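Number of protein chains: 2
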Amino acid sequence: MDKQRIIIDMDDVLADANKKILENFNLANGMDLKKEFFADKSYYDFVHQYNYEPVRQKLFEPGFFRNLEVIEDAVEVVKELHEKHEVFIVSAAMEFPNSLIEKYDWLGEHFPFISWKNICLCGDKSIIKGDVMIDDHEKNLVSFEGKPLLFDAMHNQTLKGYQRVLSWKEVHQYFFS
Amino acid sequence: MDKQRIIIDMDDVLADANKKILENFNLANGMDLKKEFFADKSYYDFVHQYNYEPVRQKLFEPGFFRNLEVIEDAVEVVKELHEKHEVFIVSAAMEFPNSLIEKYDWLGEHFPFISWKNICLCGDKSIIKGDVMIDDHEKNLVSFEGKPLLFDAMHNQTLKGYQRVLSWKEVHQYFFS
Numbered sequence: 001m002d003k004q005r006i007i008i009d010m011d012d013v014l015a016d017a018n019k020k021i022l023e024n025f026n027l028a029n030g031m032d033l034k035k036e037f038f039a040d041k042s043y044y045d046f047v048h049q050y051n052y053e054p055v056r057q058k059l060f061e062p063g064f065f066r067n068l069e070v071i072e073d074a075v076e077v078v079k080e081l082h083e084k085h086e087v088f089i090v091s092a093a094m095e096f097p098n099s100l101i102e103k104y105d106w107l108g109e110h111f112p113f114i115s116w117k118n119i120c121l122c123g124d125k126s127i128i129k130g131d132v133m134i135d136d137h138e139k140n141l142v143s144f145e146g147k148p149l150l151f152d153a154m155h156n157q158t159l160k161g162y163q164r165v166l167s168w169k170e171v172h173q174y175f176f177s
Numbered sequence: 001m002d003k004q005r006i007i008i009d010m011d012d013v014l015a016d017a018n019k020k021i022l023e024n025f026n027l028a029n030g031m032d033l034k035k036e037f038f039a040d041k042s043y044y045d046f047v048h049q050y051n052y053e054p055v056r057q058k059l060f061e062p063g064f065f066r067n068l069e070v071i072e073d074a075v076e077v078v079k080e081l082h083e084k085h086e087v088f089i090v091s092a093a094m095e096f097p098n099s100l101i102e103k104y105d106w107l108g109e110h111f112p113f114i115s116w117k118n119i120c121l122c123g124d125k126s127i128i129k130g131d132v133m134i135d136d137h138e139k140n141l142v143s144f145e146g147k148p149l150l151f152d153a154m155h156n157q158t159l160k161g162y163q164r165v166l167s168w169k170e171v172h173q174y175f176f177s
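Heads up: the protein sequence lines correspond to chains A and B, in order.
1 is the number of the first residue of the first sequence in our numbering; add one for each residue after it.
1 is the number of the first residue of the second sequence in our numbering; add one for each residue after it.
Chain A on its own, in the form it takes in the complex (with noise of 0.2 Å):
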């Protein structure tokens, strides 16, 4: 394969967001989901029939997104692909200003091998351009003009039309066999 210009989201793709966001769903609502419960079901249209707003404050507050856990494999496969193509990270993260310089640290502390000149906070993925594009979102792959890649999350169960990778060790499939 060619060297590619990869596009590598942050939340629920380098960043476990989504293990923060349900336990703060458990606690605002008193219950105990895991989220394999989302495995069939549309994970929005379900959790605003309860408390979410709760849910949605904490995204806000200093410190979220700095200690969010990384989701397993990210380390090595993104190193890996760091050095055999041109990796940049791109995170839609102006809508949490706090987010800014936690993400930029988050990053420092996790994947220090990444340079600040491969790092992107924006608002909107539709103006980035590359070969391949992971994420987790419909809206940030759908106008990109390359290879997406749908990385597997609670929220996207259900949303079809795109090449799906369960895990890291399948996108290092994808990259190198």
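Hints in this document: simulated from the structure, not taken from any laboratory.
It cannot be assumed that every hint is accurate.
Calculated pairs, EDC-like style, for lysine to aspartate or glutamate (alpha carbon to alpha carbon, straight line, at most 16 Å) [said to hold, decoys possible]:
id: 1; chain 1: B; residue 1: 129; chain 2: A; residue 2: 45
id: 2; chain 1: B; residue 1: 129; chain 2: A; residue 2: 61
id: 3; chain 1: B; residue 1: 129; chain 2: A; residue 2: 23
id: 4; chain 1: A; residue 1: 117; chain 2: B; residue 2: 40
id: 5; chain 1: B; residue 1: 147; chain 2: B; residue 2: 131
id: 6; chain 1: A; residue 1: 35; chain 2: A; residue 2: 45
id: 7; chain 1: A; residue 1: 129; chain 2: B; residue 2: 131
id: 8; chain 1: B; residue 1: 160; chain 2: B; residue 2: 40
id: 9; chain 1: B; residue 1: 117; chain 2: A; residue 2: 124
id: 10; chain 1: A; residue 1: 129; chain 2: B; residue 2: 145
id: 11; chain 1: A; residue 1: 129; chain 2: B; residue 2: 124
id: 12; chain 1: A; residue 1: 20; chain 2: A; residue 2: 45
id: 13; chain 1: B; residue 1: 117; chain 2: A; residue 2: 95
id: 14; chain 1: A; residue 1: 117; chain 2: B; residue 2: 124
id: 15; chain 1: A; residue 1: 117; chain 2: A; residue 2: 105
Chain B stretches covered by chain A per the calculated footprint, using a threshold of three residues with CB under 8 Å from any CB of chain A [as the list claims (entries may be wrong)]:
id: 16; region: 69-83
id: 17; region: 114-120
Every value quoted in this text rests on a predicted model; they were computed, and no experiment measured them.
For each residue, glycine too, the CB sits at the ideal point set by N, CA and C.
Could you slot chain B onto chain A? The hints should help.
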């Protein structure tokens, strides 16, 4: 003219970084240069013969980007462009982590009509697509696939090969006359 997607830089296009930088250069070197001094010479070749490091260090200090003046006529013309075209503000801010929130806040103060969706803080603009890019640096314009417009600045006086706009009045003429 059809509706265009216009990518607009911040430093030395919307925000007068050079004014502050030249003040800092003069202060560090006991000089009193005006920007017109650079009309026939390469700014970088010149200043690097002098004490330039403290000037560069100031860029990393809190407050530098938050307190820049707005370039003449920028607000009025960008507002009109925003109403008739599609404007994205794209700044290569990532080298200066302090600047991320400062640039967000600065835009909120001076360009409140620009939504967070239309702001992008990146490291390298080669991943940005659009119809027109207004920028003062060749490194940003050179890989742009649309129409590049070089915004006149004291550090780009000797640069050839791009359509140069001397002011926001000239940008207005480009789009509306």
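Status of the hints after comparison with the structure:
1. With a CA separation close to 33 Å, the supplied pair residue 129 of chain B and residue 45 of chain A exceeds the 16 Å bound.
2. With a C-alpha separation of about 32 Å, the suggested pairing of residue 129 of chain B with residue 61 of chain A is violated against the 16 Å cut-off.
3. Note on residue 129 of chain B and residue 23 of chain A: the hinted pairing is violated, with a Cα-Cα distance of about 38 Å set against a maximum of 16 Å.
4. Annotation: proposed proximity of residue 117 of chain A to residue 40 of chain B is violated, straight-line Cα distance about 31 Å (limit 16 Å).
5. Restraint check for residue 147 of chain B and residue 131 of chain B: the C-alpha separation of about 6 Å stays at or below 16 Å, so the hint holds.
6. A hinted pair counts as satisfied when its Cα atoms are at most 16 Å apart, and residue 35 of chain A with residue 45 of chain A qualifies at roughly 15 Å.
7. Pair hint residue 129 of chain A plus residue 131 of chain B holds up; C-alpha atoms about 13 Å apart against a cutoff of 16 Å.
8. For the hint linking residue 160 of chain B to residue 40 of chain B, the alpha-carbon distance of about 12 Å falls within 16 Å, and the restraint holds.
9. The suggested pairing of residue 117 of chain B with residue 124 of chain A holds, with an alpha-carbon distance near 5 Å, which does not exceed 16 Å.
10. Taking the CA atoms of residue 129 of chain A and residue 145 of chain B, the gap is about 10 Å. The hint holds against a cut of 16 Å.
11. Using a Cα cut-off of 16 Å, the hinted pair residue 129 of chain A and residue 124 of chain B holds, with the two alpha carbons roughly 12 Å apart.
12. Our distance criterion of 16 Å between C-alpha atoms is broken by residue 20 of chain A and residue 45 of chain A, whose separation comes to about 19 Å.
13. For the proposed pair residue 117 of chain B and residue 95 of chain A, the alpha carbon gap of about 7 Å is at most 16 Å, so the pair holds.
14. Of the supplied pair hints, the one linking residue 117 of chain A and residue 124 of chain B holds, its CA atoms being roughly 5 Å apart against a limit of 16 Å.
15. A hinted pair counts as satisfied when its Cα atoms are at most 16 Å apart, and residue 117 of chain A with residue 105 of chain A qualifies at roughly 14 Å.
16. With 0 residues carrying a beta carbon less than 8 Å from a beta carbon of chain A, the region 69-83 of chain B misses the three-residue requirement, and the given coverage is violated.
17. With a cut-off of 8 Å between beta carbons, the region 114-120 of chain B has 6 residues touching chain A; three or more are needed, and the interface restraint holds.
Consistency with the previously given hints fails for numbers 1, 2, 3, 4, 12 and 16, ordered from lowest to highest.
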